[in-house]
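**Student:** Whenever a hint applies, use it, and build me the whole structure from the sequences.
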Amino acid sequence: MATEYNAFITEETIEGDEDGPLAGTTVAVKDNISTEGIRTTCGSEMLADYVPPYSATVVDRLTDAGATVVGKTNMDEFGMGTTTETSAFGPTRNPADPDRVPGGSSGGSAAAVAAGEADVALGSDTGGSVRCPAAFCGVVGIKPTYGLVSRYGLVAYANSLEQIGPIASTVEEAAEALSVIAGPDPNDGTTRDPTSVDGGGDGDADAGADGGIDYAAAADGDVDGLTVGVPTELFEGADERVVETVEDAIADLEAQGAETTETSLPSVEHAVQAYYVIATSEASSNLARFDGVRYGHRADSDENWNESFAETREAFGSEVKRRILLGTYALSAGYHDEYYAKAQDAREWVRQDFEEAFADVDVIASPTMPVLPFELGESLDDPLRMYLADANTTPANLANLPAISVPAGEADGLPVGLQLVGPKFDEETVIRAASAVEDR
Amino acid sequence: MSTRTASEERAVVIGLEVHVQLETDTKVFCGCSTEPADDEEPNTRTCPTCLGLPGALPVLNEAAVEAAVKIGKALDADIPETTTFHRKNYYYPDLPKNFQLTQYDAPICADGELEVSVDGERRTIGITRAHLEEDPGSIQHAGGSIESATHTLVNYNRAGTPLMEVVTEPDFRSPAETRAFLAKLEEVLEYLGVFDATRDGSLRVDANVSLVDADEVTEDGSVPEAVLADANRAEVKNISSHKGAEKALAYEITRQRNVLRRGREIEQETRHWDEGRGVTVSMRSKEAEKDYRYFREADLPALEVSDWKDRIPIPELPDARRERFRTEYGLDDEAASKLTSTKEVADFFEDVAGEYDPELAATWVADNLLGELNYREMEITDVTDRLDEFTRLVELVDAGELTVKNAEEVVLREMLDEGEDPESVIEREGLGKAESDEVETAVEAAIEENPDAVADYHDGDEGAINFLVGQVMQATGGSADPGQVNGLLRERLDG
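Residue numbers (the UniProt record's numbering), protein chains in the order written: chain W, 1 to 440; chain C, 1 to 495.
Think of the hints as simulated: they come from the structure by calculation, not from any bench. What you are looking at is a predicted structure, and each value in this text was computed from that prediction instead of being measured. Beta carbons are placed, not taken as given, at the ideal position from N, Cα and C, and that holds for glycine. Fair warning: there could be bad hints in the mix.
[To be verified] Simulated crosslink set (BS3-like; lysine-lysine; CA at most 30 Å straight-line):
#	chain 1	residue 1	chain 2	residue 2
1	C	LYS243	C	LYS338
2	W	LYS342	C	LYS88
3	W	LYS321	C	LYS88
4	C	LYS290	W	LYS321
5	C	LYS290	C	LYS237
[As the list claims (entries may be wrong)] Where chain C lies over chain W, by a calculated footprint (3+ residues, C-beta under 8 Å):
#	region
6	33-43
7	49-57
8	150-156
9	184-197
10	301-310
11	330-337
[To be verified] Some chain C residues close to chain W (C-beta under 10 Å, calculated; not the full set):
#	residue
12	CYS47
13	LEU51
14	PRO54
15	PRO58
16	LEU60
17	PRO96
18	THR152
19	VAL154
20	ASP291
21	TYR294
22	ARG296
23	ASP299
**Tutor:** Next up, the structure:
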């Protein structure tokens with residue numbers, strides 16, 4: 001079954017502790033999350049044989065909580081893609097329709113859960129890489145607040161934007177996994193204790209056993225009195241079938257006692273551009289270390305080290321090369337102010353827009369993806385079209401906010417995801433609203 | 001007679017970039033030790049973070065920031081509200097991530113100064129900035145030079161050692177001033193307890209050197225910025241000591257003068273100081289200025305340091321302490337300098353001076369102890385835990401129970417060589433001060449047994465008295481006080 005969708009790059013088991021909240025749960029781990037003794041390829045030829053000597057904090061937390069890791073999942077190379085087709089290990093198929101992509105970049109993780117090959121999966125979300133495949137495969141995916149989950153051991157693509165997040169069949173299961181992986185880590189200086197951060201925890205959920213937050217307790221479907229903001233900007237230009245399905249789901253929330261209100265996020269029209277400048281800039285630096293000196297692929301070169309580095313880096317796929325070049329350009333003297341600095345300004349506007357919106361609403365609802373799942377091969381030659389598909393997901397990364405994609409229904413037999421974005425460290429409200437969408 | 005015109009009079013302009021390793025227990029962004037183990041294997045004092053393994057993250061060692069704040073206070077620099085880190089992107093095999101974590105627009109110290117004195121003239125050197133960064137690993141070209149090597153070995157044990165880069169204003173007017181500055185900087189850093197000069201590679205210096213028309217130097221010794229911008233400069237790299245700085249810069253200035261004398265232009269370039277050959281060699285033309293694509297490091301959140309300056313104390317600095325030693329203990333310049341050469345020496349002296357006459361304490365610490373330690377290549381830190389033994393030795397001399405000569409030449413040396421306490425040495429060597437009747441008996445005997453010397457003395461030969469003193473000293477096993485013996489002899493012979 002595993003080969004049917006090509007969800008896994010490596011199928012190997014890491015046994016978890018005997019008891020714990022996740023005892024008996026199987027977990028698939030995206031292949032950019034380090035696993036001691038098991039190769040971690042990032043979907044790239046560059047790291048095809050790289051075996052980390054240490055495990056990511058999230059992997060240790062999952063196995064300590066009793067979960068069993070069943071394998072490393074396929075992904076767009078270094079997380080750079082929206083379809084899982086840029087993987088050096090071949091594309092993953094969407095279990096909802098095997099002729100279509102599972103979304104990306106955590107396509108293998110979402111497909112593994114959708115196909116029942118794992119109870120839970122970990123993905124990483126830099127600009128929508130957990131939410132997009134969750135939406136395309138008809139499962140639930142959470143992008144936590146920046147700083148809620150340790151990135152120690154996550155091979156960086158764009159480190160100011162990304163978070164590791166859980167993918168599962170239900171909101172409750174995803175929330176349960178989030179409770180296990182969330183919380184401060186001395187190995188990641190950007191992590192925060194959500195219970196001590198302003199706005200973190202809504203106070204009415206139970207504390208977890210280790211003093212953390214029990215996010216699963218928030219999946220109670222109680223949206224009575226909740227204010228849902230609906231931003232027109234994130235519906236404009238979306239596929240009509242997607243818009244219709246999402247609007248039906250929002251209407252159902254109203255029927256369950258939620259109040260909906262139109263809200264405006266004018267800055268999000270710049271989000272994709274800002275995202276691609278920032279993400280590629282950081283990527284150009286984060287991926288510089290792959291030079292063949294210490295680990296990974298090394299070209300068989302007789303030349304000096306600069307030549308050897310250049311030949312080694314030929315092993316990157318074309319999308320990775322494109323993004324490294326874009327990012328190098330955006331950071332270069334003479335262009336830095338034009339691109340990188342402006343993108344940072346745009347990021348700040350997006351953050352402010354959300355902050356203003358959350359003065360009036362509890363969560364913001366929209367389609368996760370403005371499109372239905374692409375057919376395999378459909379978008380690979382048109383990077384710009386693929387980039388624009390990230391329009392609704394990138395704002396939450398730019399603003400460091402928690403977001404979830406939850407199945408809203410189907411259109412033409414294909415899954416449609418509804419995205420909910422909440423205030424910083426208020427994962428519970430997002431989870432609560434999502435559980436109501438799922439219950440309808 | 002020189003035929004040079006006035007416009008050929010050149011003034012020297014030098015600015016320094018000084019890299020100093022900070023003394024912390026662990027590296028600046030991970031928990032690995034900064035202390036090389038004896039005979040350690042390459043790439044063993046490492047972890048995922050300092051090796052730059054995929055997924056590893058830096059976590060800031062606040063002890064390095066504390067050390068940097070101390071330096072900022074000592075240099076009278078501004079310390080910002082928050083401090084942040086940037087990535088400096090370039091490819092080099094000794095750089096595990098192919099970027100260096102450093103500081104860019106919010107350095108931990110800005111706008112400081114350090115006063116140096118050369119040949120009695122005091123100069124204040126402006127410190128533009130001082131920032132924290134990580135040391136790269138080290139590389140070794142198999143086969144000697146980078147050109148002839150078949151391959152290069154990389155060792156990341158040093159990677160991640162905290163470095164402070166101190167950037168000065170172009171305030172130096174001579175190589176001697178740079179040497180004095182480096183010595184002073186090291187002294188201050190050692191007082192702060194953040195630097196160990198004995199560690200290999202703990203000090204690395206780059207120097208920017210240019211020559212400007214001497215007429216352009218203003219009365220206060222400064223050079224207008226426009227003049228500096230016009231002058232092509234050479235950056236001299238690979239200087240690793242005070243002396244090396246003085247030699248490298250003297251060479252470079254002579255080289256530039258000669259180029260100008262031949263009517264050619266100074267090239268803007270980077271040059272390498274070859275310590276062995278004593279020359280600077282061109283490395284690369286500066287025209288292809290590197291673009292480091294600096295940007296903020298998101299993995300290291302901004303650190304609030306606004307109150308650190310008040311929270312972190314620094315000890316009294318060498319200049320202030322020297323001045324206080326002069327006024328409080330009445331020491332002369334030389335003794336004050338010697339006794340403040342390191343914080344440990346100064347502390348030791350003050351402990352002794354607290355109990356005895358400061359003048360006596362100064363003589364004993366500055367002259368006797370430091371001299372004997374120096375002779376044995378020992379440090380004051382080797383004896384700081386024997387302070388009480390040393391004070392007892394001084395006390396015995398002060399009380400007249402031990403002659404100065406025996407204390408200096410026998411007891412102190414044995415204490416250092418054998419690790420014995422003073423009482424044991426005195427006991428073993430029978431050095432308790434001779435009883436006065438024993439001395440008198442010996443004086444009588446010397447006069448009786450040496451009639452020729454007595455006659456010579458009476459004939460006005462002053463040397464004869466020394467012979468007689470020597471006889472008495474011999475008879476008493478050196479325990480008599482030579483001054484007292486001399487007096488007794490003269491009393492008898494003249495009386």
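**Student:** The structure should be examined with respect to each hint, and the outcome stated for every one.
**Tutor:** Now for the hints, and whether the structure bears them out:
| no. | hint | result |
| --- | --- | --- |
| 1 | C/LYS243 - C/LYS338 | holds, 20 Å |
| 2 | W/LYS342 - C/LYS88 | holds, 20 Å |
| 3 | W/LYS321 - C/LYS88 | holds, 20 Å |
| 4 | C/LYS290 - W/LYS321 | holds, 22 Å |
| 5 | C/LYS290 - C/LYS237 | holds, 16 Å |
| 6 | 33-43 | holds (count 4) |
| 7 | 49-57 | holds (count 5) |
| 8 | 150-156 | holds (count 6) |
| 9 | 184-197 | holds (count 5) |
| 10 | 301-310 | holds (count 3) |
| 11 | 330-337 | holds (count 4) |
| 12 | CYS47 | holds, 8 Å |
| 13 | LEU51 | holds, 6 Å |
| 14 | PRO54 | holds, 4 Å |
| 15 | PRO58 | holds, 7 Å |
| 16 | LEU60 | holds, 6 Å |
| 17 | PRO96 | holds, 7 Å |
| 18 | THR152 | holds, 7 Å |
| 19 | VAL154 | holds, 7 Å |
| 20 | ASP291 | holds, 5 Å |
| 21 | TYR294 | holds, 8 Å |
| 22 | ARG296 | holds, 8 Å |
| 23 | ASP299 | holds, 6 Å |
Consistency note: the structure conflicts with none of the earlier hints.
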